[in-house]
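Residue numbers (my numbering), protein chains in the order written: chain L, 1 to 586; chain V, 1 to 138.
No wet-lab data here; the hints were simulated from the structure.
Model, not experiment: these values are computed from the prediction.
You may find that some hints are simply not true.
Just so you have them, the derived chain L footprint on chain V, three or more residues with Cβ under 8 Å [what the hints assert, rightly or not]: (1) 45–52; (2) 57–67; (3) 77–87.
Built from N, CA and C at the ideal position, the CB exists for glycine as well.
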Amino acid sequence: MIFRRRRHAYLPTDPFAPVPARDRRPSVDAAPRRSARLDADAVRVRAERRLRVTAGCFLVGFLTIGLKMASIAAVGPDEGGAFGTGPGIAGYRADITDRAGRVLATNVHATALYAQVDDMVDPAAAALGLARIFPDLDAATWERRFTDGRRFLWIKPTISPEQRQAVHDLGEPGLLFARRQMRVYPGGALAAHVLGGARYGEQDVRAAEIVGIAGVEGAFDSTLAATGPGAAPLRLSLDLGVQAAVERVLASGMDLMGAKGATAILMDVDTGEIVSLASLPDFDPNARPAPATEGDPADSPLFNRAVQGLYELGSTFKIFTAAQSVDLGLTNPSTMIDTKGPMRQGRHTIRDFRNYGPRLSVTDVIVKSSNVGTARMALDIGASRQQDFLRGLGFFDPLPVELLEARRAKPLVPSRWPDITTMTVSYGHGLSASPLHLAAGYASILNGGLRVAPTLVADGGGPGERVLSERASRAARDMLRQVVTRGTASLAQIDGYALGGKTGTADKPKHTGGYWDDRVIATFAGAFPAEEPEYVIVVTLDEPEIDAAGERRRTAGWTAVPVAAEIVRRVAPLMGLRPERDVAAR
Amino acid sequence: MRVLLYTVSILSVVLLAFWAYREGYATRATERQVRDLHRQIAQAEAELAMLNAEWAYLNRPERLRILAEMNFERLGLMPLAATHYAMIDQVAYPPEPQAASDGTAWATDLDAALGDVATLSHGPAPLPPLAGDGEQLP
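Extracted from the complex, chain V is given alone in its bound form:
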């Protein structure tokens, strides 16, 4: 009986010691990991701050104005003026879609309804023509 008691207690002490050491090592590993993560966060924050600063620098109004002036022929951007505002009646709205099941019907209706208003073409795009050797042209 006593032998059993001694064996069990010694065994449990050994096991507990093993467990405690393992916890200790696990804790230290976690701490290392946390420290590593903190370092990564700090680095990411520094990078983010740098990117934010660069973004703000690239988007500063002075530069955007110069870019808009350089690309005026292509973009036609100009300072917003009172004449750029319009009444809501002057905006062409698409008609309510009637046949939702037919994907293309309302688009052709829309083209008809908009009439002389220039719009992009709706409906399925035609396949590009095939070149002589069967290759699709861009």
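Excised from the complex, chain L in its bound form:
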């Protein structure tokens, strides 16, 4: 018994009751007759018990301290205090580089300007001063905002150091600066459609979240944002030098041909790595323009023609028909095909650009680009096999490429597939796909027949399952080479590199239905070196027109082909391809 309850003092309730004596004299009768020895024993036992209890308390205390020390010793050193920005918004975002590690997108420190209205001394003077520093701010508007009861206001998302000093010199305690990371694209408009762009998401005065809104910035948004400082950059398959050369040649080609838009794609034929992807007109991702709210979104510079532009790609599709026909053993490159036109199917008539005579070999059908011959081959192949083949090449689904826009760009595939569809699709009408779909399809049939999925990440892709036999792939390469040496793409003959490819000119559909007579999409799709292709190139021009050889010409052979040839002439040496001697002879 450690604690002994004190005896209650006597509390009188009746004021007239007699008060008992405080010290009751011990009555002699009540005194226990115990021996002194017994008394001493009891005292000792009690004292011992108290000592044990006290010792126990100390023991528990020391054990607690010991355990705590042991646990501290066991968990190892821990740095006290947080050194990061702490919980909240992380402003970091990983860099994006090209395949050689050259920076395409990075972050720099920036300053944002905000106002704590409660701390403001003279809102009117502050608004006036701000308007003097930032010409786009209106003094009256901001004075109203400072005085209408709001307590906190963001004024500018990023300001320069000079502007910051100027604001500082205003001496207004209510104007404050917030730290920011700012996304910078040092190349300006270079590869703008691939990079996309970013904007600020959530923000507070310590940091602001950067959110990717398009292109790879959008597709890899969570990956890029999930990294801390000094994280490994995202390495794209693009080559900065090649991209710059392609954009430059394409821009001058677009000017020359009077086209309102153009796109070029350069892709590794085996892995599907995109070395260059250009779409014109372009924009500066550092100052991304607002999306167009009216008019055709396809006319906006934000529109990525290579991925979002779904076009009927015309005769470039013919090689798919020919390759499949050879693959199935229905024909070989020298089999003669009936090309007597015009060919009637129900109420539709299929005719050629000009009459090529009654019969052509499969190779010549491709070389001369005969619609009738291709349609006949397609009828032999049949609708279901044709659909399976095109689906295998990826023409029915959105591309898996790492661009935010690509996910929504689903090719326009006819819902019903009667014979007339089989025939028109065989020469590239009735099915709208993006130029990147076409590039992936060409890569798949020309690399030996293994399916290729386009990718923008360096070392990201590899060949997939087989869609075509090696033999048919070789036949297709040979036909495409002959299109250049003696067919519609003769302007693609360049020194040093054997280019093989197919032209395609498709009338543009009107928004109201039907087709324009004088507006076309001109496409060249091909591969180089023709014998053992390493890269696929696709060039598409939107509404090209040129006066050449005494005529107004719109066909791809006169418009897209020279641009593609110039691109190859410029970039093939840059990509380390060894030129061949006497290319023209073969």
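Starting from the known structure of chain L, arrange chain V on it as the hints suggest.
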């Protein structure tokens, strides 16, 4: 005996307290230092990011192209073309150095071997001529 025991324990408690306080202060100093280093690292990283961005900006292909065009007379740079590739036989290689001990012998041999191929002069450079007052001309 007991006095000794008390003295020793009190002394050790004092010493241990001294040691513990010193460790505490040392820890706090180290933490401050670490915080300082972290700050410096963050600052260096920010500077590095800025320099990287500037480097990328200054080396953007568009600017390099304009610079190459502006300095065409001096540098003669032009876009790489297929004609700039050559066969490996067309490259003049120096002969194997025979007398490694003589520093200049192989250089003169090389000049002889290369013949009509324009090369920089090998061998020890002649001293610049002395001007009248004994000063070396540049």
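Practice task
Please flag the earlier hints that this structure goes against, numbers listed from lowest up.
Solution key: Of the numbered hints, all hold.
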